[in-house]
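> Next come the chains, spelled out residue by residue.
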Amino acid sequence: MTTSTLVSLNQVSKVFANGVAALERFKLDVHSGDFISLLGPSGCGKSTALRLIAGLTGPTSGTVTWPGSSEADHRSEIGFVFQEPTLMPWANVADNVWLPLRLRGVSRQEAKGRIAESLALVGLQDFAKAYPRELSGGMKMRVSIARALSVKPRLLLMDEPFAALDEITRFKLNDDLLKLQGELNCTIVFVTHSVFESAYLSNRIAVLSPRPGRIVTEIAGAFPHERRSDFRTSLPYADLCRRVSQALTSTMKDERP
Amino acid sequence: MLRNPLKILMPLMVFIAAIGAWETYVRFAAVPPYILPAPSLIAATMKLDWPILAASLLVTLKTTLAALALAVIGGVTLAILLSLSRIVEYSLYPFAVVLQVTPIIAIAPLLLIYMPQDVAVLACAWLVAFFPILSNTMLGLQSVDRNLLELFQLYGTSSRQDWDARLESRLKALWYLRRPAALPAFLAGLRIAGGLSLIGAVVAEMAAGSAGAGSGLAYRIIESQYRLNIPRLFAALVLLALTGVTLFLVLSFLSRFLLRHWHESALPREA
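Sequence order for the protein chains is A and B.
Using numbering that gives the first Met the number 0, the first residue of the first sequence is number 0, and each one after it goes up by one.
Using numbering that gives the first Met the number 0, the first residue of the second sequence is number 0, and each one after it goes up by one.
Do not rely on the hints blindly, as some may be mistaken.
To be verified - Once the Cα atoms are required to be at most 25 Å apart in a straight line, the calculated SDA-like pairs of lysine to any residue come out as: (1) A:LYS128 / B:PRO10; (2) A:LYS171 / A:SER193; (3) A:LYS171 / A:SER135; (4) A:LYS128 / B:THR76; (5) A:LYS128 / B:SER254.
In case anyone wonders, no lab produced these hints; they're calculated from the structure.
Since this is a predicted model, take the numbers as computed values, not measurements.
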């Protein structure tokens, strides 16, 4: 696995127009092949960090750098999955997956193969003509992931994508996501509230302080491809969960009143 | 619709009962036709006066449909301009509100002074129908999911920062995201505007008619009132009501047809 730096956030601070400081001296290097979870309490700036990486907002101070690629290049390398599926209700599944390609001027005919491929990756190849209202919550999220995959991203940014799903669906999608990362060899930055999810998915868990967020500790986990099917019930997983939980509890104790 | 025949049967039965009661009352109480004509007499008058009434109906219908078409063109165009530019919105929207809140009956005499009569009548109907299209379309254009817009920003924005690139990305957002998102609100506005364009046409015709000109249904109503030809007045009124109902049904059908795949308002309800 290569470990070149894909994107770096260097001493990034973000203060919104209403005066709320979301991030303070935030530092993170994302390496190729990483599955990084950003874990922290609500409002600690996890999603803001993700939006900074995507270029959806700019830092107040500090820099976001992409070693070895121009702005246009790295934009085309990003896939983004939101907490909600964020699908266009008026378009069927195939057209929703087509959207990022369509916006880049790729015709439907040209995109046909890529759409089918992306849907097959998330197991929805038989639902191309369905409308979002006809799908379950888990299926909608799969469409959202397929849409992000359609651009063949080197970096997949996921903002609490499974938070609104039931546990059974979440576990299934966790496994599917790990499988996808193995197949596509992409890098993932994953925002979550869940200690267990971060410990299960990631090879790096960055624990953030309460607002303004900064990484207070980083815990190494196993690389996804090193995991076996019984990882969720194994002692190393339980130990990892305990360490992550302790780190989170410790950062919460420091919370300002 | 066939799944629930009561939806048609119930109002139909109420309508038949009301007409029956009206007919019975007029016959038994021997009410003179210049006070309250029986439904049968109104129907007979409609048949007898059909050439006059049909010509008037055509005039009113033309005004109504032309006003509605112009309201759609003007309302949608202005809504797009307002949604593309804050400066245009700040500059023009207050005037659209002023036009909306000023009673049309007060504006009509002025328009009749400054414009040829048929243009003034059309302008009145357009003024009334224009605002619901404008405000609903604007609401729809501004109701796009914020995350979808961010997705668009990520995938659809050019790395160029010049004016052309910004306009291009706004137009892309308008076409791919805002246009379909605005469709339900636009269609709701269109349904309201359909009825209002008829009301605007009638009000303007009345204003014009009282000045001694005009040949639409509203003018026929005023003329019938002056001549105490109350059965014809009722016949013209029935035609106006039928026109309004037809317009509403056609626009409702159009709305359901266009939204049939995805919008809650057009989806069949579960039993």
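> Starting from A:LYS128, check that the Cα of B:THR76 is at most 25 Å away, please.
With a Cα-Cα distance of about 33 Å, the restraint between A:LYS128 and B:THR76 is violated, given a limit of 25 Å.
> Against the 25 Å threshold, does the CA-CA distance of A:LYS171 and A:SER193 hold or violate the hint?
This hinted pair holds, its Cα atoms lying about 15 Å apart.
> Please work out if A:LYS128 and B:SER254 have their alpha carbons no farther apart than 25 Å.
Holds, because 22 Å separates the two Cα atoms, which is no more than 25 Å.
> Checking one constraint from the list: CA of A:LYS128 to CA of B:PRO10, max 25 Å. Satisfied?
Outside the cut-off at roughly 39 Å; violated.
> Measure nothing beyond the straight line between the CA atoms of A:LYS171 and A:SER135; if it is 25 Å or shorter, mark the hint as holding.
Holds, at roughly 14 Å.
Violated hints for the displayed structure, listed by number in ascending order: 1 and 4.
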